[in-house]
Amino acid sequence: MSLDDLYQEIILDHYRSPRNRSGDLDPHDVHVHHSNPLCGDELDLRLRVQDGTVGAVAYDGDGCSISMASASAMTEAVAGRKLSDADDLAEAFRLMMHGEGVKREDDLLDGVAFQGVAKFPVRVKCALLGWMALKDALQTYSEGEAEHRVTYD
Amino acid sequence: MSLDDLYQEIILDHYRSPRNRSGDLDPHDVHVHHSNPLCGDELDLRLRVQDGTVGAVAYDGDGCSISMASASAMTEAVAGRKLSDADDLAEAFRLMMHGEGVKREDDLLDGVAFQGVAKFPVRVKCALLGWMALKDALQTYSEGEAEHRVTYD
Amino acid sequence: MLDVERVRKDFPLLERQVHGRRLVYLDSAATSQKPQSVLDAMTRYYETTNANVHRGVHALAEEATEAYESARNTVARFVCADPRGVVFTKNATEAFNLLAYSWARTRLGEGDILLSTQMEHHANLVPWQLVQPETGFDLRYVPMTAGGLLDLDEFDAVVATGRVKLFTVTAMSNVVGTINPVRELAAKVRAANRDAVVVVDGAQSVPHLGTDMVDLDADFLCFSGHKMLGPTGIGVLAGRPDLLEAMPPFLGGGEMISNVTLEGTTYNEIPYKFEAGTPPIAEAVGLAAAVDYLSGLGMDAVRAHEVELLQTCIPALEAVEGVTVHGPTDPARRGAAVSFAIEGLHPHDIGTIMDREGVAVRAGHHCAKPLVRTLGSAATTRASFYLYNTTDEIQALVDAIEATKNFFKV
Amino acid sequence: MLDVERVRKDFPLLERQVHGRRLVYLDSAATSQKPQSVLDAMTRYYETTNANVHRGVHALAEEATEAYESARNTVARFVCADPRGVVFTKNATEAFNLLAYSWARTRLGEGDILLSTQMEHHANLVPWQLVQPETGFDLRYVPMTAGGLLDLDEFDAVVATGRVKLFTVTAMSNVVGTINPVRELAAKVRAANRDAVVVVDGAQSVPHLGTDMVDLDADFLCFSGHKMLGPTGIGVLAGRPDLLEAMPPFLGGGEMISNVTLEGTTYNEIPYKFEAGTPPIAEAVGLAAAVDYLSGLGMDAVRAHEVELLQTCIPALEAVEGVTVHGPTDPARRGAAVSFAIEGLHPHDIGTIMDREGVAVRAGHHCAKPLVRTLGSAATTRASFYLYNTTDEIQALVDAIEATKNFFKV
Ligand SMILES: Cc1ncc(COP(=O)(O)O)c(C=O)c1O
Ligand SMILES: Cc1ncc(COP(=O)(O)O)c(C=O)c1O
Chain A
1 MSLDDLYQEI
11 ILDHYRSPRN
21 RSGDLDPHDV
31 HVHHSNPLCG
41 DELDLRLRVQ
51 DGTVGAVAYD
61 GDGCSISMAS
71 ASAMTEAVAG
81 RKLSDADDLA
91 EAFRLMMHGE
101 GVKREDDLLD
111 GVAFQGVAKF
121 PVRVKCALLG
131 WMALKDALQT
141 YSEGEAEHRV
151 TYD
Chain B
1001 MSLDDLYQEI
1011 ILDHYRSPRN
1021 RSGDLDPHDV
1031 HVHHSNPLCG
1041 DELDLRLRVQ
1051 DGTVGAVAYD
1061 GDGCSISMAS
1071 ASAMTEAVAG
1081 RKLSDADDLA
1091 EAFRLMMHGE
1101 GVKREDDLLD
1111 GVAFQGVAKF
1121 PVRVKCALLG
1131 WMALKDALQT
1141 YSEGEAEHRV
1151 TYD
Chain C
2001 MLDVERVRKD
2011 FPLLERQVHG
2021 RRLVYLDSAA
2031 TSQKPQSVLD
2041 AMTRYYETTN
2051 ANVHRGVHAL
2061 AEEATEAYES
2071 ARNTVARFVC
2081 ADPRGVVFTK
2091 NATEAFNLLA
2101 YSWARTRLGE
2111 GDILLSTQME
2121 HHANLVPWQL
2131 VQPETGFDLR
2141 YVPMTAGGLL
2151 DLDEFDAVVA
2161 TGRVKLFTVT
2171 AMSNVVGTIN
2181 PVRELAAKVR
2191 AANRDAVVVV
2201 DGAQSVPHLG
2211 TDMVDLDADF
2221 LCFSGHKMLG
2231 PTGIGVLAGR
2241 PDLLEAMPPF
2251 LGGGEMISNV
2261 TLEGTTYNEI
2271 PYKFEAGTPP
2281 IAEAVGLAAA
2291 VDYLSGLGMD
2301 AVRAHEVELL
2311 QTCIPALEAV
2321 EGVTVHGPTD
2331 PARRGAAVSF
2341 AIEGLHPHDI
2351 GTIMDREGVA
2361 VRAGHHCAKP
2371 LVRTLGSAAT
2381 TRASFYLYNT
2391 TDEIQALVDA
2401 IEATKNFFKV
Chain D
3001 MLDVERVRKD
3011 FPLLERQVHG
3021 RRLVYLDSAA
3031 TSQKPQSVLD
3041 AMTRYYETTN
3051 ANVHRGVHAL
3061 AEEATEAYES
3071 ARNTVARFVC
3081 ADPRGVVFTK
3091 NATEAFNLLA
3101 YSWARTRLGE
3111 GDILLSTQME
3121 HHANLVPWQL
3131 VQPETGFDLR
3141 YVPMTAGGLL
3151 DLDEFDAVVA
3161 TGRVKLFTVT
3171 AMSNVVGTIN
3181 PVRELAAKVR
3191 AANRDAVVVV
3201 DGAQSVPHLG
3211 TDMVDLDADF
3221 LCFSGHKMLG
3231 PTGIGVLAGR
3241 PDLLEAMPPF
3251 LGGGEMISNV
3261 TLEGTTYNEI
3271 PYKFEAGTPP
3281 IAEAVGLAAA
3291 VDYLSGLGMD
3301 AVRAHEVELL
3311 QTCIPALEAV
3321 EGVTVHGPTD
3331 PARRGAAVSF
3341 AIEGLHPHDI
3351 GTIMDREGVA
3361 VRAGHHCAKP
3371 LVRTLGSAAT
3381 TRASFYLYNT
3391 TDEIQALVDA
3401 IEATKNFFKV
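Residue numbers (this note's numbering), protein chains in the order written: chain A, 1 to 153; chain B, 1001 to 1153; chain C, 2001 to 2410; chain D, 3001 to 3410.
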């Protein structure tokens, strides 16, 4: 495995030119904060729900290029999707990061570029951070809540 | 060092034909019980004081040949001595067991035969048991007490 | 069948001479010798991989983490545990203390019974005694019969109260060799109280007898690396993940935390929650190599070899005038730790003379004073065998006993 | 002066290649590499002496006990401790937990202050937090300034209350390198309260700086073997014998008892009272060999070598655009753990790219989150040096930083 597997040009591009990165989203229905204390990654994710779909999504945070770029790519991949579909896509991403094959390759959009991260076990958590925050935001919303904080080991 | 240093004929003789071994001493002024749980040695020592001297002394116990023989030899060496002198003799024995030279060689009587035990560090405690019980009995008596129990590590 | 001469070649220490004689090492219940492969695995680790585990992004740290976690998996498989429930400790003793401080201290109170036995090693007695005053639970012991078996009537009587919340028992005695019917005992305890927790001391059984947590129906299993061909400095607490998850942490420090602020701390997931500080990394690698060595031979072959030794040893000892063997005499019911007495001789003297004959046995209470006291003495002499011992060595033991008797003329 | 090229030849791992490049190991604050003499001492122990310690009457057991106790003496001399006060633990973390459970939990109550600092490793924070709720003492921290020094005004203010019963501080920070004025701090604490106890975290200072308990005026000193050229699986609590004698036992089991009955137990004398179960015997032998290696070079020479490295390293790092070095910049006031930031880059990314350049640094919170948070981030990149590092390796570090910046185009 080479560094280019990890830091694909697409990833560096999301890192340098983040999409949907913002410290707020007005209005939003749910806000989650996830952190990875081991690496010092912190992520805020805000979601607006429209007719059962992801109407708008914004992230902000402090973390390594992999975690921030992955969150950025995630926001593009899930925008406009049905909530259940977005959740399914997050699961596809999770499986890919655990080396269990690539499903829904076309739907993941730039998310596919993170495939190579699976070869760097210590960085897998970084790539997952945004997607796990999304899953949690969907879950939190489905339970009628608006805020949630999660800390990974 | 050879086994004969440890088990001199005199020692085996005291083991097989113990002197002053008895479960009681009537009357007695002080009784101490010492044990060495690591080895499983147990020793009872009873002392009668007469005019500031060791009027009579008896030991009983359960232990290895070194501990029992040493107690036996001790009783012979201290019988009739002034209390302070008996204590001094015990100190001489202790120093000998720690390899710090032999003092009062003549007074120790058969106790001298235990010199070789100093070369067997794990057995030193066995040889000391009776003498340490004696020191404790003298101390206990001097404090006006009649009974004491001591357990070594 | 185990080819004992080939096995012996793997153990460099067995070539040692003692007092001018070939060493006959009969003290494996205290600690085992180590095969070359275990020493090599640790040296190789230090020479090529050594780094601190977890959190590291550099290559060595990743490789060290991989080696450490793969050791955990190897050990888990060996005793049929869930790797998430395998906590590396410094020895079996720490594993019991972890349970005492983190489980017993927080789960038990007045009216609850913690049931141990009179057959236990101090490691399975003192930790419970230490935390008992804080919690006020009832600490009871199943008595041992003079024949070295648990008194099952007494056991049944205590269990019938329904108040036994924790039952702890050794799978194999380190003094009298007895193999306890753990599975049946566990079943009875659970029948009387569904929530009871069963702790098994595997310090002797894991090295000598295929030991399967599921088969034994144990919630927790404690054992040590150094008695099973592995290094010193490592032990194992294998436990049910759900129980471990519910327990508060024991030792605090690095690795076991999730987040630390000056106001308070959240804890990592299991097993890391219980592994504070830099763990015994090289020791885990060594222990995994030991497990590989044992698995390579097969625990059935190891056990069969020891049964064969016992079949020779016990009659041979009993044939010596004045010798009494403690514990069960049927090899099927016992392990290879054989305590015996010689009439008129004290274990300390026996041990010393035997040592001069090159035979290393242990004399004393074997860290099991309540048990030894039940045998009616303060100490025993113990010869304990392992996979590298031979029938010739049993003869050497018997000869040494005769030599001792001659020396003392008894 | 230390001949670093000769020293390097003693460390087999330093010959390793990583990603096709020569390894530049700059992670010794996490764990050090081991000289051949340490590996040989342990292998030799296992191949010739291995037995369980204490209580044994056979030759191997005597030799093993002698090796273990002589290791204790060697370690005691190295830090000017009384050997009776040297307890072998599994790591520095266990040493702090021993103090928390056995001292703080039994000696402190409402109104008492336990004073730690914001500069501490989690090992010197979490154990106190764990026992605090049971006892209700006041847990306070001396703040750290942005420059990486303890805030002495705040320290004075807390000490002036006269309520500080235990003060604990690291002699050298594992993140910002700061060497704390332990002796002066201890004097102030004692002046305000004669009975106060002073605990020193020597995990970084003992390996890198001659550390003398008497000189520091410390009552307790905690450190780890693996950071000072020794093996994993061993740590040290060195303490004043009178304090240790008065403390209740912590872990229970074999070796630490004097007598065990089913009704209760009496405890062994120190240090054995605190060493429950089979101790890290081979690890103690390895640690003694590590101490011999360090003593052979002389701790003054080790320190001088690191000061020389710092004199090159700190200006070289500061000369790189966008790089900020944390902590004191004067080599006389700091050790060789050097944390730094690169503007616009996250430590995780830095660590990964550097690893590809063969440079092993650590990225993260270094088990000192409160400290790292004070630096205004959640993580730092840390390069930490030891006696085997060279000035060439500083150049490799700087080159790797440039390569990282180029890669990310910052
Ligand atoms: C300053 C300091 N204290 C304590 C520790 C804990 O040492 P260990 O993990 O060996 O218990 C460390 C090691 O990371 C340290 O750097
Ligand atoms: C049955 C049993 N339990 C527990 C232990 C304690 O093991 P360790 O001293 O390695 O903690 C031993 C070892 O002596 C043992 O034989």
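Calculated directly from the structure, the hints in this document are not laboratory data. All figures in this text were calculated on a predicted structure; none of them were measured in a lab. Every residue, glycine too, gets a C-beta built ideally from N, C-alpha and C. Watch out, some of these pointers could steer you wrong.
[What the hints assert, rightly or not] Beta-carbon label-pair distances, calculated as ranges:
1) B:1151 <-> C:2109: 29 to 39 angstroms
2) D:3106 <-> C:2263: 48 to 58 angstroms
3) A:85 <-> C:2036: 53 to 63 angstroms
4) B:1050 <-> C:2022: 34 to 44 angstroms
5) C:2109 <-> A:109: 49 to 59 angstroms
6) D:3020 <-> A:102: 21 to 31 angstroms
7) B:1005 <-> C:2001: 37 to 47 angstroms
8) D:3022 <-> C:2263: 40 to 50 angstroms
9) D:3402 <-> C:2044: 45 to 55 angstroms
10) B:1062 <-> C:2136: 30 to 40 angstroms
11) C:2136 <-> D:3242: 47 to 57 angstroms
12) B:1005 <-> D:3015: 15 to 25 angstroms
13) C:2242 <-> A:149: 16 to 26 angstroms
Results for each hint:
1. B:1151 <-> C:2109: 29 to 39 angstroms: Hint holds: Cβ distance 32 angstroms, inside 29 to 39 angstroms.
2. D:3106 <-> C:2263: 48 to 58 angstroms: Because 24 angstroms falls outside the window, the suggested range is violated.
3. A:85 <-> C:2036: 53 to 63 angstroms: Given range 53 to 63 angstroms: holds, Cβ gap about 58 angstroms.
4. B:1050 <-> C:2022: 34 to 44 angstroms: 57 angstroms, violated
5. C:2109 <-> A:109: 49 to 59 angstroms: At roughly 58 angstroms between Cβ atoms, residue 109 of chain A and residue 2109 of chain C fall inside 49 to 59 angstroms, so the hint holds.
6. D:3020 <-> A:102: 21 to 31 angstroms: 29 angstroms, holds
7. B:1005 <-> C:2001: 37 to 47 angstroms: At 45 angstroms between Cβs, range holds.
8. D:3022 <-> C:2263: 40 to 50 angstroms: 45 angstroms, holds
9. D:3402 <-> C:2044: 45 to 55 angstroms: For residue 2044 of chain C against residue 3402 of chain D, whose Cβ atoms are near 35 angstroms apart, the range 45 to 55 angstroms is violated.
10. B:1062 <-> C:2136: 30 to 40 angstroms: 36 angstroms, holds
11. C:2136 <-> D:3242: 47 to 57 angstroms: The hint (47 to 57 angstroms, Cβ to Cβ) is violated, given that residue 2136 of chain C and residue 3242 of chain D are roughly 32 angstroms apart.
12. B:1005 <-> D:3015: 15 to 25 angstroms: 51 angstroms, violated
13. C:2242 <-> A:149: 16 to 26 angstroms: 24 angstroms Cβ-Cβ, so the 16 to 26 angstroms window holds.
Hint check: violations occur at hints 2, 4, 9, 11 and 12; the rest are consistent with the structure.
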